[in-house]
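Asks: Read off the chains here:
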Amino acid sequence: GAVVSQHPSWVICKSGTSVKIECRSLDFQATTMFWYRQFPKQSLMLMATSNEGSKATYEQGVEKDKFLINHASLTLSTLTVTSAHPEDSSFYICSATGGGTSYNEQFFGPGTRLTVL
Amino acid sequence: SQQGEEDPQALSIQEGENATMNCSYKTSINNLQWYRQNSGRGLVHLILIRSNEREKHSGRLRVTLDTSKKSSSLLITASRAADTASYFCATDSFYGGATNKLIFGTGTLLAVQP
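One line per chain: the protein sequences are A and B, in this order. Heads up: the first sequence begins at 19 in this note's numbering, then just goes up one per residue. Heads up: the second sequence begins at 4 in this note's numbering, then just goes up one per residue.
The following block holds chain A by itself, in its conformation from the complex:
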């Protein structure tokens, strides 16, 4: 149980275009989803936290108008990278938590590799 999927697993796009990444909880209801970004050979950096039905909370330094997050249902959150540029190329990972454990365990998706040309 507690499986999180991401789609697509990798995407290549041209500079200036927008890219949407989906994060789905397959077998549980995710009240909260998190989006992380990971540059090569670096750690995961939290970008934003989203609760179902409300606006996402962005970490300091993350542009909310560039990284649009929608958490419209208890099983789906989307991250849209708007007007992507080469510096946005990164590995984007989502996680989801739905309670059921005493510490709100986060279940991670497999990640999406974005390459902006």
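Hints in this document: simulated from the structure, not taken from any laboratory. Careful: at least some of the hints might be erroneous.
To give a feel for the contact side, a few chain A residues facing chain B, derived at Cβ under 7 Å [stated by the list, open to error]: (1) Pro58; (2) Ser61; (3) Leu62; (4) Phe126; (5) Gly127; (6) Gly129.
Computed from a predicted structure; not experimentally measured. Glycine residues also receive a C-beta, built at the ideal position from the N, C-alpha and C atoms.
Given chain A, put chain B in place with the hints provided.
Replies: Just chain B now, with coordinates in the frame of chain A:
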């Protein structure tokens, strides 16, 4: 930055040897977790240790926690080539709401030579 630090940044050992990774963090925590990540893949949860625990075991893994020093260590015994991966610690601190955020350490890249 609240990010924790891990050392060493990289570790190369022979199969059968033990591998020890250390993590230091900056804030008070509810728990500390260790994750594994194979190159270009998602995260695998290894073990969680609560702030009131000092040591925990899971198979070949042993985790210690010293809250007075704000540090933790992960020991992998009898390492195998398949243990080759990056290992991250992550601290879970209560930020005053229902959602606990994870702050990841810088990671240790472990290479186990066959």
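Asks: Evaluate each hint against the coordinates.
Replies: Status of each hint after checking the structure:
{"no.": "1", "hint": "Pro58", "in the structure": "violated, 9 Å"}
{"no.": "2", "hint": "Ser61", "in the structure": "holds, 5 Å"}
{"no.": "3", "hint": "Leu62", "in the structure": "holds, 5 Å"}
{"no.": "4", "hint": "Phe126", "in the structure": "holds, 4 Å"}
{"no.": "5", "hint": "Gly127", "in the structure": "holds, 6 Å"}
{"no.": "6", "hint": "Gly129", "in the structure": "holds, 5 Å"}
Violated hints amount to a single one, hint 1; each of the other numbered hints is respected by the structure.
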